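S.K.: In case you want the letters, here they are:
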Amino acid sequence: MSELLLNGIFLKKLFQWPYCKRRCPYCNYNKYICKEVDEERMKKCLIQELETLVHKSCVENITTLFFGGGTPSLASPNTINSVIEKAKSVGNLTSSAEITIEVNPTEIEAKKLKEFKDAGINRMSIGLQSLNLRDLIFLGRDHSVEDGLRCLSEARSLLPGQVSVDIMFGRPNQTMAQWVEELEQLLSVCDNHISLYQLTVERGTELYKQVKSDKVLLPSNNEMANLYKCAVKLLEGRGFEHYEVSNYAKDACYSHHNLTYWTGGDYIGIGPGAHGRLTVKDNGKYIREARTQTLEPYNWMYAVEKYGHGTTRSVKQGIYDRCVETLSSSLRTKWGISHPNWRKVNPIGLSKLFGSSDTINLLQSSDLLILDKRGLRATEKGLIVLDSLLVELVSVLHESLNK
Amino acid sequence: MKSWCQTFMKHCILRDQLFNTSKLNLSRRLVFGRYSSTNRDPSDNSGDRKVRKDLSEYPTERIRNFSIIAHVDHGKSTLADRLLEITGTIPKDDKNKQVLDKLQVERERGITVKAQTASLLYNYKEEEYLLNLVDTPGHVDFNYEVARSLSACQGVILLVDANQGVQAQTVANFYLAFEKDLTIIPVLNKIDLPGAQPDVVIQQIKSLFDIEDKDIFRISAKHGTGVEELLKTVIEQIPPPSGSRENIMRTLMIDSAYNQFRGVIALMSVIDGSLKRGDKITSIHSTKVYEVQDVGYMHPDEVPTDALYAGQVGYVLCNIRDSKEAQLGDTYFTPGTKVEALPGFKSSKPMVFGGIYPSDQSEFHNLKLAIEKLTLNDPSVAVHTDNSPVLGQGFRLGYLGLLHMDVFSQRLEQEYNANVISTIPNVPYKVKVHGVKNIKKYGSEVVTILNPIHLPNESIIVEMLEPMVEGKLLFPDDYLGQIMDLVMQSRGEILDQKYIDNKRLLAKVKLPLNEILVDFFDMMKSVTSGYGSFDYEDAGYEVSNLVKLDFLLNSRPVEELSLICHRSRARTIATRVCEKLKDAIPPQLFLISVQGAVGSKILCREDIKPYRKDVLAKCYGGDQSRKNKLLKKQAEGKKQMRKIGRVEIPKDAFVKILRR
Chain A
1 MSELLLNGIF
11 LKKLFQWPYC
21 KRRCPYCNYN
31 KYICKEVDEE
41 RMKKCLIQEL
51 ETLVHKSCVE
61 NITTLFFGGG
71 TPSLASPNTI
81 NSVIEKAKSV
91 GNLTSSAEIT
101 IEVNPTEIEA
111 KKLKEFKDAG
121 INRMSIGLQS
131 LNLRDLIFLG
141 RDHSVEDGLR
151 CLSEARSLLP
161 GQVSVDIMFG
171 RPNQTMAQWV
181 EELEQLLSVC
191 DNHISLYQLT
201 VERGTELYKQ
211 VKSDKVLLPS
221 NNEMANLYKC
231 AVKLLEGRGF
241 EHYEVSNYAK
251 DACYSHHNLT
261 YWTGGDYIGI
271 GPGAHGRLTV
281 KDNGKYIREA
291 RTQTLEPYNW
301 MYAVEKYGHG
311 TTRSVKQGIY
321 DRCVETLSSS
331 LRTKWGISHP
341 NWRKVNPIGL
351 SKLFGSSDTI
361 NLLQSSDLLI
371 LDKRGLRATE
381 KGLIVLDSLL
391 VELVSVLHES
401 LNK
Chain B
1001 MKSWCQTFMK
1011 HCILRDQLFN
1021 TSKLNLSRRL
1031 VFGRYSSTNR
1041 DPSDNSGDRK
1051 VRKDLSEYPT
1061 ERIRNFSIIA
1071 HVDHGKSTLA
1081 DRLLEITGTI
1091 PKDDKNKQVL
1101 DKLQVERERG
1111 ITVKAQTASL
1121 LYNYKEEEYL
1131 LNLVDTPGHV
1141 DFNYEVARSL
1151 SACQGVILLV
1161 DANQGVQAQT
1171 VANFYLAFEK
1181 DLTIIPVLNK
1191 IDLPGAQPDV
1201 VIQQIKSLFD
1211 IEDKDIFRIS
1221 AKHGTGVEEL
1231 LKTVIEQIPP
1241 PSGSRENIMR
1251 TLMIDSAYNQ
1261 FRGVIALMSV
1271 IDGSLKRGDK
1281 ITSIHSTKVY
1291 EVQDVGYMHP
1301 DEVPTDALYA
1311 GQVGYVLCNI
1321 RDSKEAQLGD
1331 TYFTPGTKVE
1341 ALPGFKSSKP
1351 MVFGGIYPSD
1361 QSEFHNLKLA
1371 IEKLTLNDPS
1381 VAVHTDNSPV
1391 LGQGFRLGYL
1401 GLLHMDVFSQ
1411 RLEQEYNANV
1421 ISTIPNVPYK
1431 VKVHGVKNIK
1441 KYGSEVVTIL
1451 NPIHLPNESI
1461 IVEMLEPMVE
1471 GKLLFPDDYL
1481 GQIMDLVMQS
1491 RGEILDQKYI
1501 DNKRLLAKVK
1511 LPLNEILVDF
1521 FDMMKSVTSG
1531 YGSFDYEDAG
1541 YEVSNLVKLD
1551 FLLNSRPVEE
1561 LSLICHRSRA
1571 RTIATRVCEK
1581 LKDAIPPQLF
1591 LISVQGAVGS
1601 KILCREDIKP
1611 YRKDVLAKCY
1621 GGDQSRKNKL
1631 LKKQAEGKKQ
1641 MRKIGRVEIP
1651 KDAFVKILRR
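As you go down the protein sequences, you meet chains A and B in turn. Per the numbering used here, the very first residue in the first sequence carries number 1; after that it's consecutive. Per the numbering used here, the very first residue in the second sequence carries number 1001; after that it's consecutive.
Honestly, the hints are just simulated from the structure, not real lab data. If a hint is listed, it holds; no wrong ones were tucked in.
Example chain A residues on the side facing chain B (calculated, C-beta under 8 angstroms, incomplete): (1) Gln198; (2) Asn222; (3) Ala225; (4) Val245; (5) Glu325; (6) Ser366; (7) Leu383; (8) Val385; (9) Val391; (10) Val394.
Under the rule of at most 25 angstroms between Cα atoms (straight-line distance), these lysine-lysine pairs were calculated in the BS3-like manner: (11) B:Lys1632 / A:Lys352; (12) B:Lys1613 / A:Lys334; (13) B:Lys1629 / A:Lys316; (14) B:Lys1613 / A:Lys229; (15) B:Lys1632 / A:Lys316; (16) B:Lys1288 / B:Lys1324; (17) A:Lys212 / B:Lys1613; (18) A:Lys212 / B:Lys1656; (19) A:Lys114 / A:Lys88; (20) A:Lys352 / B:Lys1633; (21) A:Lys381 / B:Lys1627; (22) A:Lys403 / B:Lys1643; (23) A:Lys352 / B:Lys1638; (24) B:Lys1609 / A:Lys229; (25) B:Lys1633 / A:Lys403; (26) B:Lys1627 / A:Lys229; (27) B:Lys1632 / A:Lys334; (28) B:Lys1639 / A:Lys403.
A quick note: this is a predicted structure, and the numbers were derived from the prediction, not measured. Heads up, the beta-carbon is just placed ideally off N, CA and C, and yes, glycines get one too.
Could you build the full structure based on these sequences and the hints that come with them?
M.R.: Structure below.
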């Protein structure tokens, strides 16, 4: 996968490592397949951009750090360490901060895990994807099932309680029986955090072409729903809390990085193609910006060397934009959005905006949505149809704001 | 005047429709033959006008007015070509032959229509004759136009393809001419073709029209074989027009075209008296007074003359700017004189109605302009503005028939690039209401209903009537069973049937117009393996057991989907529409029931189950902006959705149901 993220209490941070060894057929992320990476230059640029953007933003403390991809585990531990050190010096990154790296469990990279830990990494997200060799091959992964399991177990012994696994469902010809078996196997080896993603067909990918031309048959919507529901039930039965649409945690070992993300906090994206949301001060006024960094690594490095950062696009977010973003991200969690968090975005409260809408009342009486003194959230039943719910909510919001 | 090319176009479309040939590009076909060929400079004023012919030297005795009537593709245009050549209207030499051949190919491909003439000069027995070849539109929808054109004629050439034999349209055309008491010259064309079966076809003609073998001409229009003899026969057998120059002037408008610089160009048949440049004329229909600015005859382009005299046919320009004033079949006369209207005038009566809406509301204005422009040359289209809660502002257009509707909407799309949604056509029903108050409310005892929404309450309805057609079906007898089934399925009855040779049957049928609206032609072609032909004409209204069929979403009616149909059809139609609705309405957060009902009786039900899962369990990292943008767009799009109770119906769903 592909990102490099930093993150704080007012800020989290995402670091984007844009390189991969190979192109996965389903991935439409910004990544580059390149044999020779000028890592020294890359490192300098990451550090430079971090410094520039932290100064630009109103951040006081960086609370979490996330190295995403590309494949950040291809980067050297030294690079990772330099970024962490820089975050400490310019962003007051605390010693207790969650610092995650996405790991691609190939044999080579597994050896690096210890070095990553020594470099300051304290949480790992292992891109297991599947425990089925055929599917791994289909997904274009270059690790075997054994590689994955070995990597996972190594990570767990290094950072017990701080390891997450990514697993993907909705694979071609995936049957319920296989899925249950696979989940059982996963549960016997995993730590206390699981991210469960649905294989999605994105335009411009090899998979898209294959599906379009009927060379690959993915499960139907109905089968997809069954796979999803089955996983929710199974994982919950084993003590995993379904705390976000695709995330499950045991013993409250949530991904703090993502929680900031979901609750509408600021985050800085560093690296080619990274993006962030940060509050900047402009003529004495606080303005929230959506920033996107230059996609192509060489152009990005060139921009960073020249201007100190590689932002190509910076869009001011209005209240409506922020409301929509807050709804669409926070309602993905089981807690939804609290009244105080909402008011950070919009001084007009949730009850005032949504309380008197017939649509919202109908959704509530249908056991899909709850609006109460805690805030606004989807029920377990609502979470499964959240995308439709969101359209309803945004529609009501749009109407209320235009009144 | 326009009808040469228009007819040709209609032919092509008919051929496309009936014979499933490839769709030709209609717009390229619509070269406005005559007027484009004259290349007249719009600034051309009458000062430059050179009179090249004095038509006063042709008394009615030396005038013949005739038409060629034929089924599509039986060789009408080719025969016209030959007649033009023989009479020297267009030169014939080796070089020209090549040009003509080329033109013919062009015509076959439907690229252009060559200039056609109405007036031919021919020397017969030492005397020069003025022969006016009056074109007729070639299809059933334009029966009324054919009838009108024929009213300017004293005789017709009935052209039958020796290969294909008599077709339904041949029969219809024959009766039109027969009823008008015109001299009919039966002609067998394409006798040179290897597949010709003149004997069989002659038998058909004999049994159908009671015409003797010896009276039937055999020609090959393509090679010109027998054409000159035919021309002589036209002079010998067709009587001259009966009017007189001495009478008070009376003129019949038989066709019109519109030119933005010159206004209406009328094709007139002078029945009595004479029509000169500078004359003041008025018409029974419009009652306005016009001044004749230009008159002339077609040879084959416009040739100005001083006047047109009794019995002659030519063009007249008299500054009519509104094409609605130029009603075909209208009688023109000198203001202040008292004349009787000539037979042939009848406001065109729309038989079929269909909605036309712009795909995008912002295009409404352009669509309006396009319709206005098109109706200038086709005033028989009745235009009403219409407003649908889902499709927005649009038009409800009344057409003479199905083909007419097709021609019109295709022209809209192709010539004016209008992106339109055409709705399923319907027919005008009639409802008889009772009670003085109700009659007063509706303006009369019998109310015409175009839109089911306007159907009066059941309690005040005495009876309902639907439009009927009388059709002729011609087909090989092997298919009798299939044809009978088809007619039965279409709620029709076979009134009469007879053999026209030892193989082919002619069946006279009566059908509700509504039943042939959508796919009757196709079905007929399909069940007869392409050998059948069908033609129909208006047969008035008949009392019928009609019901209003409503569609309900979660028990609430969707007004714009209501329709009127025969009781026996209600369940089938209800089921079909409900299935379509089920597919067209996306699942929502709740269960949606889709029902078809007549009154309080539910005929069928489909359920649209709510989403089982509608959330993307996607991994993070991708920028949210795009997703949020989509979300905003979806939320705003909701406002444009039609809401029935809590069910939202996207416009697309309506379009899927309502579109033809």
